[in-house]
Each structure stands twice: as C-alpha cells, then as structure tokens.
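Engineer: Input sequences plus hints: build the corresponding full structure.
In the order they appear, the protein sequences are chains A and B. Each residue of the first sequence is one higher than the last, beginning at -11 in the working numbering. Each residue of the second sequence is one higher than the last, beginning at -11 in the working numbering.
By construction, these hints were calculated from the structure, which means they are not laboratory data. Treat the hints loosely; a few may be bogus.
For chains that are exact copies, the list does not tell them apart, and a pair is met inside one copy or across any two.
In silico SDA-like pairs for lysine to any residue, Cα to Cα no more than 25 Å straight-line [said to hold, decoys possible]:
no., residue 1, residue 2
1, K218, A294
2, K66, C155
3, K(-3), N152
4, K194, Y227
5, K(-1), N152
There are 2 protein chains.
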Amino acid sequence: MINFEYCNKTKIIFGKGTENQVGKETAQYAKRILLHHSGGSAVRSGLMDRVKASLKEAGVEWVELTGVLPNPRLSLVKEGINIARNEKLEMILAVGGGSAIDSAKAIAVGAVNDGDIWDFFERKKTADKALPVAAVLTIPAAGSESSISSVITNEEGPWKRGINFQCIRPVFSILNPELTYTLPPYQTACGITDMMAHIMERYFTKEPNVELTDELCEGALRTIIRNARKIFSGATNNYDARAEIMWAGAIAHNGILDTGRIGDWASHALDHELSALFDLAHGAGLAIIFPAWMKYNIKEDNASAARFARFAAKVWGVDGAFYDKEQAALEGVSRMEHFFKSIGMPVRFADANINPERIPEMAKRVVHFGTVGNFRKLEERDAVAIYKMASN
Amino acid sequence: MINFEYCNKTKIIFGKGTENQVGKETAQYAKRILLHHSGGSAVRSGLMDRVKASLKEAGVEWVELTGVLPNPRLSLVKEGINIARNEKLEMILAVGGGSAIDSAKAIAVGAVNDGDIWDFFERKKTADKALPVAAVLTIPAAGSESSISSVITNEEGPWKRGINFQCIRPVFSILNPELTYTLPPYQTACGITDMMAHIMERYFTKEPNVELTDELCEGALRTIIRNARKIFSGATNNYDARAEIMWAGAIAHNGILDTGRIGDWASHALDHELSALFDLAHGAGLAIIFPAWMKYNIKEDNASAARFARFAAKVWGVDGAFYDKEQAALEGVSRMEHFFKSIGMPVRFADANINPERIPEMAKRVVHFGTVGNFRKLEERDAVAIYKMASN
Chain A
-11 MINFEYCNKT KIIFGKGTEN QVGKETAQYA KRILLHHSGG SAVRSGLMDR VKASLKEAGV
49 EWVELTGVLP NPRLSLVKEG INIARNEKLE MILAVGGGSA IDSAKAIAVG AVNDGDIWDF
109 FERKKTADKA LPVAAVLTIP AAGSESSISS VITNEEGPWK RGINFQCIRP VFSILNPELT
169 YTLPPYQTAC GITDMMAHIM ERYFTKEPNV ELTDELCEGA LRTIIRNARK IFSGATNNYD
229 ARAEIMWAGA IAHNGILDTG RIGDWASHAL DHELSALFDL AHGAGLAIIF PAWMKYNIKE
289 DNASAARFAR FAAKVWGVDG AFYDKEQAAL EGVSRMEHFF KSIGMPVRFA DANINPERIP
349 EMAKRVVHFG TVGNFRKLEE RDAVAIYKMA SN
Chain B
-11 MINFEYCNKT KIIFGKGTEN QVGKETAQYA KRILLHHSGG SAVRSGLMDR VKASLKEAGV
49 EWVELTGVLP NPRLSLVKEG INIARNEKLE MILAVGGGSA IDSAKAIAVG AVNDGDIWDF
109 FERKKTADKA LPVAAVLTIP AAGSESSISS VITNEEGPWK RGINFQCIRP VFSILNPELT
169 YTLPPYQTAC GITDMMAHIM ERYFTKEPNV ELTDELCEGA LRTIIRNARK IFSGATNNYD
229 ARAEIMWAGA IAHNGILDTG RIGDWASHAL DHELSALFDL AHGAGLAIIF PAWMKYNIKE
289 DNASAARFAR FAAKVWGVDG AFYDKEQAAL EGVSRMEHFF KSIGMPVRFA DANINPERIP
349 EMAKRVVHFG TVGNFRKLEE RDAVAIYKMA SN
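Structural biologist: Shown next as structure tokens:
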C-alpha cells in the first residue's frame, strides 16, 4: 500500500424529495448564483420549477445559463465565465448530469482565474481557487457530484481534456434517485458503464497489497451489476435499485476507492478520442474500449492475468478452479461484454458506427501528453492494437 | 434505503513517516495548541520527540497535558478545559489511540462552551462549536480519528457516556501503520474487535434495501479478519497487514458504512456498563457482548435469522446450502467466537473475571436513557438475558 491523502468535503444529501433543500443549502454559500443546466428534461419534468421555488424561498437570486450538451463544450463554458464575471455571481449551481456539473466546474475556475480557461485543460496552468460549485444530480454516471474532475470538449480540434483540482469539488450535491426514473434506458446504461469504468480504472493497479480497497471495489461492482439487471428487467421505477446505482456512482469516483493505490486510466484516455471524434456518449465508448484493453493486458504477463482472473472470479462469478488464469480472465471479459450488451451498450466499433480507418489518427491523439495508463504504460502502437481489438 | 446526509471533512494523511507532517498541517489551524497524550508509550518510542520536532519546525507552540488512560476520565478532561481556556489555546492535538482523541474532543467542546462539560454527555445540552481537533493515531480501534464521537468515563458513578457532534470531527488525522508494530498483542486484538464491532453495529439493520453498504461492510470485515490472522500468525511487523487494519479501522467509523440505514448500537451500550464497572478494555467487552447479542436475536424471528445467516455466509464463509437459516447463523457466531479467542479476546464473563452477580445492576444502568438498540429495541429484561448468555 502506498502513502496517500484522502479528504472529500462534499456534503451529500441523498434521498426522496431532497431537491427541495437546494435553496437552504445554497444560501449558506451565496446570494447570487449561476444556475446551469441543459434546458431540456429538467425543465420538462418540473424539476427546474422545484429548484427555482426552493432558491426563491431561501432568498437566492440566479442568472440562468442553459444549453449544456453531452461532452460539454468549451464555448458554453466561456459564455458562463463571462456571465459570472459581469454579474459578479458567487457560486455555480448545476442541475443535471456529469456534463452540467463538469461545465459548472470549468466556469467556476474561469470566473476567478484570469487568462484562457483552456490553458488549464492543456496542463499549462493549475488552479487553487474557484467559485463554490454545487449540484442537483439527475444522471448517476460521471461521479462529478463529489469529484475533483471536469472534462470539457474544445470544439476546435475537437479535443476532449480533463482537469483535476481540489478547489472544484462540489460543496454539496443533492442526489434524489426518483429523478432518475425517467432517464432513457440508453442514458441509464451509459451511466452504469461509466461508474463501473471508474471503479475498474482504480481496480487495475500494479500495487499488490490493497486488500481493503479491492474488496470495496468488488462489492460496489457487484452491487451495480445486480441492480442494473433489476432495472433492465423492467423495474424502471424501483426506488431501491435506482438508489443503489446512484449512491454507487458517487462512491465510485469520490476518491475512497483509490486510497493506497495508483489507478490505470488508459481506457478513459482511449475513449476520450473516440467520444470526441464521433460524439459518442462517454459510457458507450468505455463499453467498447474496456473489453479490448483487458484482453490486450491479459496477454501481457502472468501477474496481469492473475489480476484479471481475480476480477473474473469476484465480480463475474467465474469459478477459477475450472480454468487456468488466462482462461478465467478471458471468461470474465466475455461475461462483462455480455452484460454490457444486455443493457444495450455497444462493445465493438461497428455497434456504434465508428470508422476503424481513423484508428491511426486516434492513437496519435491519445498519446498527445505522452504514454497513457499506469497498470501498463501504453504507447501509440499499443493504442493502435487496442483500438483494432475493439473494432474486431 | 432511507434518506441520509453524508459528509466527512477529516483529511486523512496515511502512510510511512507521515507523523513528520504534523507541524505543517497543525500550523494551518493554530499557533498555540494543547498537546494531549498518555505520556507513556508514545514518549518511550520516540514518537513524541518527532511530533514535537515537527511542531517546532512549523513554529507551533504547545502546552502538554499527559495522563490519558483507557476509558478516558472526566477529571482529566476538566483539567484540559481549564488549561485550554487559561492559556488561550487554539487547537487540541491528540497523540495516541481513541482514548486520547476522545479526551481531546471533550476538551475541545468544553474550551469554548460554558457550563459543566458533563451536561453534554448527559444529553442535557448539544454543541455546535468546538476548538479544532487533530490526531496522530497510534492504535487502530475506535475510529475516533475521523468520527464525530467521543466517549468519556465519569469516575463518580462510574458512568461511561458518549457524545456525537459534527464540530468535534478531527480536521486532520495522521495514520502511520509503522507506529502500530509495537502495540502489545492484547491492544492490537482489542482494536481489531472494536473496529469489527463498529461495522457490525451498522450491518445489523432492519432496513432491507442497502445492498451497497452491505457489500462494503462485508468486504471490510473480511479484510480485517484476514489481516488480523496474518498479524497473529507472527507477521507483527508486516506493513501491509498493519496498513489494511489501520485504514479499515478508520473506514469502519467514518460514516460511509451507515449511509441509507439505521445501525443498532445496543452492544456498545451493553459493553459501556461492563467496561465502566470492571474497567475492561472496550474491545474486550465487545468480544464478550456481541456473540451473546447475536444469539439472543437469532432466536427472535425468521427475518433476523436471515440477516445473521447472510453475515455467516459472507463474512465467515458458512455455506448456507448445508444449513437451515438459524443453524447457519449460529455457525457464523461460533466461528466469530473462535476468531476472537484465536486473537486472545475473552468471549465470556469468566474469561475476563466479570462477576455475574452484578448483571441486574448493569441491566438497570444500560436502559438509563430508555431502550437501547434499533435492530431490536432492548429493555431491561432483554439486557439481563443477554448478559446472562454472555456469562454462560
């Protein structure tokens, strides 16, 4: 186990009807805020009316910025920064999924740091101050509700890049599982895949003695899989299944599952190019990338195969006694692919109309900052090989 | 799953040599502090020298208050409060185990709230402000390093009572597993039992749909048991085993394992009378109480038996297929008792020289504030029955 620091200050307010507490919580931080959302489903469902009523009752004024899209855009972030500065706003409140929250975080950085906001995403600058950010979460997926991450897409390129700053961790996040009943199945599935990927990125580490976090990761994955199966077997409005998924999505990315270890994160990098070039949902891209990344690594050496065999046994119920390690590991990947397909996710390029001719270009882009991944450091040729596996 | 709020602001600094960061971290909060410890092993081991050197280097001044004992005493708390007030100290830094930290928390409350500190423990008053508290942990056990709890013994009585206030959660805690190598086996075992009890108090809930936290609890318990066996099989100075135990002890009590559920806590109440009257270590008392409490509940109804059967299967590897629920549940308790004995814990009154003649007195004291427990609300007669089971 390696030395670590762990601190997560986000206050989670979880459960039925909790969106009605947003005004009271917000008023502890600000009197004038930017209210940031897509302008779509949260308006139609009546959620925005409840949020605004709660803010009004608490005496909080807001300026609204709508138009957040999946793979949130830099242009909207820049608009938000201008509004926040000109209107002297004190906080950014996102209502929506990871895209709205990530966009809010980027605005929060830009509002109090001079210069081009994209410089932070290009790793030219780092930030230690931002406006407070908070969220009413509607899509369990990105874990942005209590994380230090924000991923933004620069349309010129397009480039999809992330930042990780302590100062953008939300001060509070409101999680009401009832709000997720009306999510389209595809979005529910993308979210489930995304949170599983967050855990798997942490699970696949070369650090040998991290038993507690291994156990916690495996338990969280089993819980997600079991409850995903419930939801996709028709229990769309099952509160408890939705609640397990929603809370797991936050824990997947709140930092506790990487204590004492270094995660991998190559699959996220490989997907970023996929979802940037083809505007594919992040979760769908991960469902395509992860099986290929696993198969590529299982072949690497015996220690890797053992790690994947444990994953197969503990998460997918593969009985290791009847297989050699490599076979058990591959059987685990096969069961994972079957699961992803069962919830409507693509698992190959063709399933998502991705043109394999762009593999060389994507592989070049993925190593823009150098090798990616820690479980195994991937160079351009590894990226090509993994993309090819994902296209077959 | 019931609605909940979760927020834990303690910064955990974990790993080798981390005690040398104490000055830098402390200086962010205070320039003059109360340094609170037992004056025993931390001095002999050289830890206090390192702590003081670090404080000095960071320009932090301290007043020292030593003499903390297991089951920390109210009289010392009062002494600490007087010192903190007279010397205008700004923070309390505990070096030690749960006793030192609990004592520090009580001092932190008394330093800034007028009146008799014991009134808070008698539930006559509540506190929303305290001096900042921080810790360098030497005994993984109580979880006080990131909890909102403090348990103090009033020698007149004696009464052992607890408080739970957000304002006493440590601002930071330093956890170096190397510091635990020299713990006597009995203290290591008491700590292991205590942290297991913290998880079990949360695990035994009547809330039916809390799958994620069930999985996390079970994984943490398995990790503790496996690594305790390593340490008690001679791997006393195994860093990774000590690290798993130390981190599990913090997670056991940091609040994440009770999200969405109401824990029981009757066994803690039953032990408080035992350890107050017989000055028994808290962990040892819990090793005696928990098996009896379980056996008493398994008989209650089928739903209870099912919960204990799951515990037997997931934590103790009892194969439910070969048993009926009650049998499986009892087999789990039996394996737990065997485990406690294997690490040197008492599991019956006689093992710890506890006089069963005082059962009626203890049972009366345990319901001082009303029934105890939530999994099953225990009255005086239930307490008598459980104490009797623990004495046979």
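Engineer: Checking each numbered hint in turn, tell me which of them this model violates, lowest number first.
Structural biologist: Per hint list: zero violations.
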